[in-house]
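Trainee: Please construct the entire structure, taking both the sequences and the accompanying hints into account.
Residue numbers for the sequence shown, in full-length UniProt numbering: 1 to 462.
Think of the hints as simulated: they come from the structure by calculation, not from any bench. Predicted, not measured: the structure shown is a model, and the values here were computed from it. Just so you know, not all the hints are guaranteed correct.
Claimed, not checked - Simulated restraints, written as ranges between beta carbons of each label pair:
1) 71 with 334: 28 to 34 Å
2) 235 with 406: 29 to 35 Å
3) 88 with 39: 40 to 46 Å
Said to hold, decoys possible - Below, simulated DSSO-like cross-link-like pairs (lysine-lysine); rule was C-alpha separation at most 30 Å, straight line:
4) 104 with 91
5) 364 with 181
6) 104 with 263
7) 439 with 144
8) 439 with 25
9) 263 with 157
The C-beta atom is built at its ideal place from N, Cα and C for all residues, glycine as well.
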Amino acid sequence: MDEATVLPHVKSTTLSKRQQKIALKQRQAAKENNTNFRAAERNFKAKFVEPNMENVVDFSALHNNTASTNSRIRRVLLPENLFDLDSSFFKLPDNVSKLPETYKDKQLAYTLTDHPVIPNPFTATAQKHLVKNTLCDWARKPNKNSLDPFYRMSESKSLFEHHIEDVMNSNNPNHAPFVFKTLFEKPSEAQNLKTIDENESIKNVAVIKKECGNLFEKNEDQGYKPIVTEPKNEFYRQDHTATELLESIRWTTIGNQYNWSTKSYDTDIQAPISEELSHLMSIIVRSISGAKIAGSLTDDFSESHIVNSYDYNKYKVEAGVINYYGLNSTLLAHVDKSENNMEAPLISISLGCSCIYLVGGDTKQDTLTPILLRSGDIIASCGASRTSYHGVPRIFENSCPSFLTAHSSDSDTHIDPANSTHNLDKVTDGHLNQNLTGKLWAPYAEYISTHRINFNARQCNN
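Mentor: And the structure:
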């Protein structure tokens with residue numbers, strides 16, 4: 001059976017008496033503050049009780065869904081195939097044989113709530129290339145990440161690029177790992193910090209609110225004024241190598257830098273947007289521009305209302321966030337509403353381990369849908385769904401596709417660590433490099449096998 005169609009396995013656990021008490025407390029706590037969204041989050045986050053997966057929607061393997069779930073799914077006809085727009089990133093649609101003659105050249109997406117989902121349209125090489133970009137190219141300065149408030153970050157390389165150099169040179173006695181200096185060796189060396197509200201929902205994150213105490217004091221006239229406080233956690237008061245910090249990084253902001261404390265963009269901080277990222281997101285928006293509902297899974301094909309009417313010619317990538325999830329990471333319910341332009345679709349792409357993506361309505365009490373997102377899946381928030389509550393309560397272990405986790409240490413000749421990152425770059429003819437194998441790929445494979453990377457793009461202004 002194709003690994004892409006297998007449901008993630010949730011381990012069955014025999015509970016000790018202590019764990020039974022914990023599970024009981026979890027169920028009792030669920031009765032309090034029990035919005036529909038919170039109840040669903042608790043279901044999927046629970047570690048000592050198997051989550052209820054009955055209503056989970058799997059767009060990549062419709063046969064995994066219940067009949068009731070499939071009856072709610074609507075087909076979405078894309079006006080243009082992604083493969084036709086860029087064959088270096090995208091593969092031929094695999095649904096062509098299932099379509100009537102009239103629609104044989106169309107690509108299908110699916111939806112329940114005006115969130116069109118395109119099941120993984122990427123080639124394996126493209127996914128590896130995107131993993132590399134999200135960890136390296138797009139994670140460099142001047143883009144900021146969640147560790148910036150704590151350390152002097154490298155000006156020329158991303159955290160992961162330093163990690164690669166250390167791994168490649170692990171047997172080199174002359175190699176000295178790059179050391180990230182804490183900003184809190186001396187109180188006077190600390191920089192002004194910013195709280196990271198949204199990231200409080202990601203477990204194990206270096207959240208300033210938790211680690212550094214109260215960094216902002218409220219002033220009725222001036223809003224929030226930053227104050228300097230040393231972190232309470234000793235870890236962030238120590239210098240570390242890239243490898244030691246790898247599990248602590250939680251996000252990188254792209255383009256217009258987002259201020260997590262004010263929930264707005266710092267208009268005076270605008271990092272350049274990668275041309276490749278802009279190109280990728282623009283053609284995805286083009287592919288769904290004018291996309292129409294084409295009936296349910298059991299109906300004959302019949303085009304009805306448009307799920308995304310935004311003119312792709314007006315679309316421009318101005319900001320984005322790369323989120324790095326470990327197996328225990330979560331993202332609690334929130335709404336993305338900081339952009340002045342709420343008409344343009346918000347495009348989000350998943351890489352690595354599968355997750356549960358919860359999407360609701362305008363309130364946390366509205367009916368919600370748990371979607372299983374796999375590596376390569378694209379989800380677009382369009383129109384009214386742009387203001388829907390959504391979150392990620394669960395990352396599944398052992399769910400990363402094998403083409404991302406496999407590597408052979410013997411398949412490469414000698415590698416010069418100084419040029420390892422360059423060798424992964426896109427080649428000049430516009431096609432993606434095929435050499436993401438062996439030792440070159442090994443550090444990425446090790447990381448992505450236990451992580452999920454999600455990156456999204458937004459248009460901030462009209």
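Trainee: It remains to establish, for every hint, whether it holds in the given structure.
Mentor: Against the structure, the hints:
1. At roughly 30 Å, the beta carbons of residue 71 and residue 334 sit within the given window of 28 to 34 Å.
2. With their beta carbons about 33 Å apart, residue 235 and residue 406 fall inside the hinted range of 29 to 35 Å.
3. Separation of residue 88 from residue 39 is about 44 Å and conforms to the stated range, judged on CB atoms against 40 to 46 Å.
4. For the hint linking residue 104 to residue 91, the alpha-carbon distance of about 16 Å falls within 30 Å, and the restraint holds.
5. As the CA atoms of residue 364 and residue 181 are separated by approximately 41 Å, the hinted pair breaks the 30 Å bound.
6. For the proposed pair residue 104 and residue 263, the alpha carbon gap of about 44 Å is over 30 Å, so the pair is violated.
7. For the hint linking residue 439 to residue 144, the alpha-carbon distance of about 28 Å falls within 30 Å, and the restraint holds.
8. Of the pairs offered as hints, the one joining residue 439 and residue 25 is violated, with about 47 Å between alpha carbons and a cut-off of 30 Å exceeded.
9. For the proposed pair residue 263 and residue 157, the alpha carbon gap of about 27 Å is at most 30 Å, so the pair holds.
In terms of the numbered hints stated before, the structure departs from hints 5, 6, 8, listed from lowest to highest.
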